[in-house]
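Chemist: Quick note, the sequences are listed as chains A and B, same order. Residue 72 in the working numbering is what sits at position 72 of the first sequence, and the numbering runs on without skipping anything. Take any residue in the second sequence, count from 1 to its spot, add 238: that is its number in the working numbering.
Rather than coming from a laboratory, the hints here were simulated on the basis of the structure. Ideal Cβ positions, reconstructed from N, Cα and C, are used throughout, including at glycine. Some hints here could point you the wrong way.
Now the in silico label distances, taken between C-beta atoms and shown as ranges [to be verified]:
| no. | chain 1 | residue 1 | chain 2 | residue 2 | range |
| --- | --- | --- | --- | --- | --- |
| 1 | A | ILE49 | B | GLY256 | 49 to 57 Å |
| 2 | B | GLY256 | A | ARG109 | 47 to 55 Å |
| 3 | B | ARG276 | A | PHE171 | 32 to 40 Å |
| 4 | B | ASP427 | A | TYR103 | 33 to 41 Å |
| 5 | A | LEU74 | B | GLU451 | 43 to 51 Å |
Number of protein chains: 2
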Amino acid sequence: MTERELNLLLLSSSRVGGGGYLDSARQLIGNLFANCQRILFIPFAGVTISHADYAQRVRAGLPALAERIHLLNLDDDGPETLASCDGVMVGGGNTFALLDRLYRHALVRELRDAVNGGMSYVGWSAGSNIAGPTIRTTNDMPIIEPPSLAALNLVPFQLNPHYTSFVPANFHGETRRERLAEFMVANPDSRVLALPEGCGLRVRGTEVEVVGEFAALELAADGRDLELAVGQRFNLNG
Amino acid sequence: MTERELNLLLLSSSRVGGGGYLDSARQLIGNLFANCQRILFIPFAGVTISHADYAQRVRAGLPALAERIHLLNLDDDGPETLASCDGVMVGGGNTFALLDRLYRHALVRELRDAVNGGMSYVGWSAGSNIAGPTIRTTNDMPIIEPPSLAALNLVPFQLNPHYTSFVPANFHGETRRERLAEFMVANPDSRVLALPEGCGLRVRGTEVEVVGEFAALELAADGRDLELAVGQRFNLNG
Chain A
1 MTERELNLLL LSSSRVGGGG YLDSARQLIG NLFANCQRIL FIPFAGVTIS HADYAQRVRA
61 GLPALAERIH LLNLDDDGPE TLASCDGVMV GGGNTFALLD RLYRHALVRE LRDAVNGGMS
121 YVGWSAGSNI AGPTIRTTND MPIIEPPSLA ALNLVPFQLN PHYTSFVPAN FHGETRRERL
181 AEFMVANPDS RVLALPEGCG LRVRGTEVEV VGEFAALELA ADGRDLELAV GQRFNLNG
Chain B
239 MTERELNLLL LSSSRVGGGG YLDSARQLIG NLFANCQRIL FIPFAGVTIS HADYAQRVRA
299 GLPALAERIH LLNLDDDGPE TLASCDGVMV GGGNTFALLD RLYRHALVRE LRDAVNGGMS
359 YVGWSAGSNI AGPTIRTTND MPIIEPPSLA ALNLVPFQLN PHYTSFVPAN FHGETRRERL
419 AEFMVANPDS RVLALPEGCG LRVRGTEVEV VGEFAALELA ADGRDLELAV GQRFNLNG
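For reference, chain A alone in the conformation it holds in the complex (with noise of 0.2 Å):
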């Protein structure tokens, strides 16, 4: 298999605590998209949200890059749109709703191969979840069926973004960690990279480096989970 060319950052979320949108990630975005003249924007995960409003919110929340963003409209020709641009962004939501209507307008493959081949991708929560494997990490909701749960697998292990260790006092439902542990049980020849939000993944070729303010988590079948640094780096297939 020859060598590919990933350029790619894998963002948690567009917010970190308190701070505003995209507050925490607009360096790091702005520095990926150096050198891109025409940035594909993918609304897709936006459900609650119109896909115009939404682009509006990530054109504010990214002032220098406004112009060169292009939104990607569910009447428009995927793969046609996708060939007009040099990089590409993929925002947050319903990760079942986004890997729909990417498989409905013809752009897993095409997208994947275009990442591959080099073309620079940001994605953030629903937009990181769809570069692993599958979507079996996701936290959404399956609010619709798509196709498949197979995903972008630009990246060869699975991607829980939000990651959160929290437990509400008295709360019955399953624990993140304890989800997570029914997929590696379920999945055992998976690994698993969990992004707490803050945290992201800078991807360029087959080194990785996490990025943002806080550590990534690999997660371990005998729950002695793996932390990874900011600005640590490993190899992409680990």
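Model the placement of chain B on the given structure of chain A, informed by the hints.
Modeler: Quick look at chain B alone, frame taken from chain A:
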């Protein structure tokens, strides 16, 4: 369509507040199964607990029924085992694993027919979720991809167990209500009943009664959700 002989108890959770396992459900379950000789326990939602341990936990939680509880094993013939019982109880865990295993054991249609024909049914958490038309309002992680998200369709509304309006401070993942709002936008013709822990629905024929300690909520697209108090009765078909 002939009147169905539904006899259901759909509980949000196995535990409520600081209470023990099935404490708050014990009497309701005992009443429902009063005339049943052999109660099938389906443990398929359990992923991180062995099914034998799961059955043991349930028997310990329901001592008066313990001798009548028959565990369905993964290598049993599903329809044959179901046919040997006159009641069925489906425990919580991962809803995707549960539904996937029901499909693989050819139990989805068999269970639907048996329960529509009068077999007493108790479910909690995932076991309640599958009583609706689909599992698209589950809170669980899609760790396994079932052949379909279509479920038993015993009741004509979607259920959301473990419903909570809790929002951790400075957390930017969607709230439960936001997730369900997304569902309602994507599925505008569906009804959604949210069951907080400690709430259940008792269905007899076409009458539904809210049981337990806390009110249910019928969610509304405009956000003006309808509280259904404990003791309130309504027709299954709205």
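Chemist: Now look at each hint and say whether the structure bears it out.
Modeler: Hints and how they fare:
no.	hint	in the structure
1	A/ILE49 <-> B/GLY256: 49 to 57 Å	violated (39 Å)
2	B/GLY256 <-> A/ARG109: 47 to 55 Å	holds (51 Å)
3	B/ARG276 <-> A/PHE171: 32 to 40 Å	holds (34 Å)
4	B/ASP427 <-> A/TYR103: 33 to 41 Å	violated (23 Å)
5	A/LEU74 <-> B/GLU451: 43 to 51 Å	holds (44 Å)
Comparing the model with each numbered hint stated earlier shows that hints 1, 4 do not hold.
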